[in-house]
Amino acid sequence: MNNVSNRRSPGKLYMFFRHNLGFLFILVWLIGFLVFRLYPFISSLIYSFSDFHLFNGTTEYGLMNYKEIFEDDKIMKSLSVTFKYTFITVPLKLAFALFIAMILNYKVKGVNLFRTAYYIPSILGGSVAIAVLWKALFRDDGLINSMLRIFGLEGINWLSDPKYALFIISLLRVWQFGSAMVLFLAALKGVPADLYEAATIDGASKPRQFFSITLPLITPVVFYNLVTQLCQAFQEFNGPYIITQGGPRNATTLFSLLIYKRAFQMNEMGMASAMAWVLFTIVTILSIIAFISQKYWVYYGDEK
Amino acid sequence: MIKIKKIMAAVLSIALVGAFTSCSGDEGASSESKSGNTSVSDSENKGGEKEENSGEDVTIKISWWGGDARHEATQNAINAFMEENENINVEVQFGAWDGWEDAMSTSLYAGTAPDINQINWNWISNYSADGSKFLDMNTMSEHFDLSNYSEEALNQCVVADELQAIPVAMTGRIFYWNKTAFENAGISVPTSLEELYAAGQTFKEVLGDDYYPLALGEYDRTILFIYYLESVYGKAWVEDGKLNYTAEEIATGLEFMNELEDKHVIPSIPTIIGDGAASLDKNPKWMEGKYAGIFEWDSSATKFASALNEGQEFVVGDYFKDFGKHQGGFTKVSLAFAISENTKHPEECAKLLEFLLNSEEGTAIMAAERGIPLSKSALKTCTDGGLLNEVVAEANSKVLEWAKFPLDTQFENSKLKGNPDGVYYDVFGGLSYDEYSVEKAAEILVEGVTEVLEG
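First to last, the protein sequences are chains U and X.
With the first letter of the first sequence counted as 1, position 67 gets the number 67 in this note's numbering; the numbers rise by one all the way through.
With the first letter of the second sequence counted as 1, position 433 gets the number 433 in this note's numbering; the numbers rise by one all the way through.
Relax, there's no trap hidden among the hints.
Listed next, the stretches of chain X that the computed footprint assigns to chain U, with coverage defined by at least 3 CB atoms under 8 Å from CB atoms of chain U:
#1 105-115
#2 411-420
BS3-like mimics (lysine-lysine), calculated; alpha carbons at most 27 Å apart, straight line:
#3 X:Lys415 with X:Lys282
#4 X:Lys415 with U:Lys84
#5 X:Lys398 with X:Lys325
#6 X:Lys417 with X:Lys235
#7 X:Lys440 with X:Lys417
#8 U:Lys67 with X:Lys440
#9 U:Lys163 with X:Lys415
#10 U:Lys74 with X:Lys242
#11 X:Lys380 with X:Lys404
#12 X:Lys440 with U:Lys77
#13 U:Lys163 with X:Lys282
#14 U:Lys163 with X:Lys440
#15 X:Lys440 with U:Lys74
#16 X:Lys417 with U:Lys77
#17 X:Lys398 with X:Lys282
#18 X:Lys415 with U:Lys77
#19 X:Lys398 with X:Lys179
#20 X:Lys417 with U:Lys74
#21 X:Lys242 with X:Lys415
#22 X:Lys290 with X:Lys321
#23 U:Lys189 with U:Lys206
#24 X:Lys263 with X:Lys204
#25 X:Lys415 with U:Lys67
#26 X:Lys415 with U:Lys74
#27 X:Lys417 with U:Lys163
#28 X:Lys290 with X:Lys398
#29 U:Lys67 with X:Lys417
#30 X:Lys303 with X:Lys290
Selected chain X positions facing chain U (in silico; Cβ < 8 Å):
#31 Asp102
#32 Asn126
#33 Tyr127
#34 Pro270
#35 Ile273
#36 Gly274
#37 Asp275
#38 Gly276
#39 Gly429
#40 Tyr433
Hints are computed from structural coordinates only; laboratory data are not their basis.
The C-beta atom is built at its ideal place from N, Cα and C for all residues, glycine as well.
Make a model of the complete structure from these sequences and hints.
If you want it as structure tokens, here you go:
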């Protein structure tokens, strides 16, 4: 009895993990999440309400950053450019990915090779080398203009004309449709063949079959791709940073580029944090709208 | 079919192994050169000898930016230093300029910057206005010979009453010409504004529409514009922390820039952007001689000269006396070396700097890779040893002889110099794109510069 009473009682931490063994297994992830995700997330929210400058410190707290965001013409222009970029890129990318996925869904010879070939840009697309190559393709005496001139057409100032520069940046992202395509391909394979057979017997044309059978049945994947591509597009950085540096005349200064410049070139961390939170709020609102709208257009097979 | 699959699998496996081995080979090479592992292993090899040393073994780290030639010279000099000082192990961190300041400013704030850093002159006032980031070099005078530098040069690095860095060289902008391109147009390189205007027309008529005697990006235009204004009005751009020019005076300078474009002297900004080159020295039109002149830092001569295609002669130009009644143009410290305030080994750092910047052995290896040295002993070593690049030396002496105006530390503030949203880029880009009138551009420039100066 004495031995038992003299034994040290187990520590609180030990007892906690003893009763919640799951926490022990996710402990490494949990520490990483707290240090690298939650802490920056909360601290950036606090910074966003201050004029925190890396080398001048903080002198003021308040809503001034948020006020400035909506009053500063350059920031508002950048926001509008980001919206334009997103609304060009996302629909084009989804349409293109679906189109190619439908072609690759046919049983043709060497289809696996084509699937790989179309997926490769997704792996390479974000790299610096591709962005540099893109710039070389679209410069005044680049490959694209040289080809246009072969056909007797006048070359276009792709990089220096504010009207076209954003399109060039968007095209780079659209070209990386591989991951969306693979998901569409998987979804298309899941559409039961007997539905097409029945529709063919009833005399439905191919376009009718696409809009009445294929598209409704793959809407969950369309929805998933829409949300993920939307988030990615709003955060685009590499393309404009390497190809145009945000120019010409700020025509490709996407919001994330401006956040980077404010944070690491001007050292205005308070302002940069506020801009990041505005971007986060916009993406969140659009995602919520997408989630709410899905009950009107997304078909889940397990629903009654 | 199975056989084909097996062959395919074998080929892919070999390719995969090849890819991995080539990747790891590259990685080894880059880590060796990037992190200075060469130097670490050098000192490790001498482990036996180290014990004989009376000094305590220390490791210090030095950082710099630049091109390959500078990297090689500095690494060689550091290796020579480590051979002489076996108890001091030097780690290195270096790279290209692009994005360098972004990374360094963050590490300076976080207190994780290397012990010694190559810095831009304005970093002192931008990042250490209170003297909290860089060590006062006056406290290291026992280990670093300050008498090698003129008081005037050292004063450029005094902020908060502390000598926060050692200036390496002075620099200023000057014209450089591709003499061969001018000869192709049947004229000699211009020595006055009048000749430059005439060259614009000659280039267009003789060589073609896409040939220009001079090429200037937005920031180059800003500096030439200030050189012009200082020549006309005889006063510094900024004095006592205030903009020294009225909007009307500024407008005359902007009109001058418009005239250069109108008279086919310089290509428009859209043309230069359309070239798709990261900088003028990487622009094929400069390499081929379609752009035949630049207005650049004297220390950049080698970079631009070596970019030219073979058979083209690169020469240093003269300042134009017909810009105005005064001698316009400014000089600044091209770069400096500073010791981090929080280093644990300040004496060893000072010793390394003394070797790199003042000692005969060190400066003979470093040569003029960072411009014509301000250190008297380094200059003597380079001159006696014939280590100075003739073009750079000629340009530097012309700059120091001509350009007398000072430069305000806020001139290179990122709100002004940032590309493409800085004020300079906005103003000169807007003018070239015909988005702004001269009056509007002058108003934006006055407003932007004043805002930065007032903090």
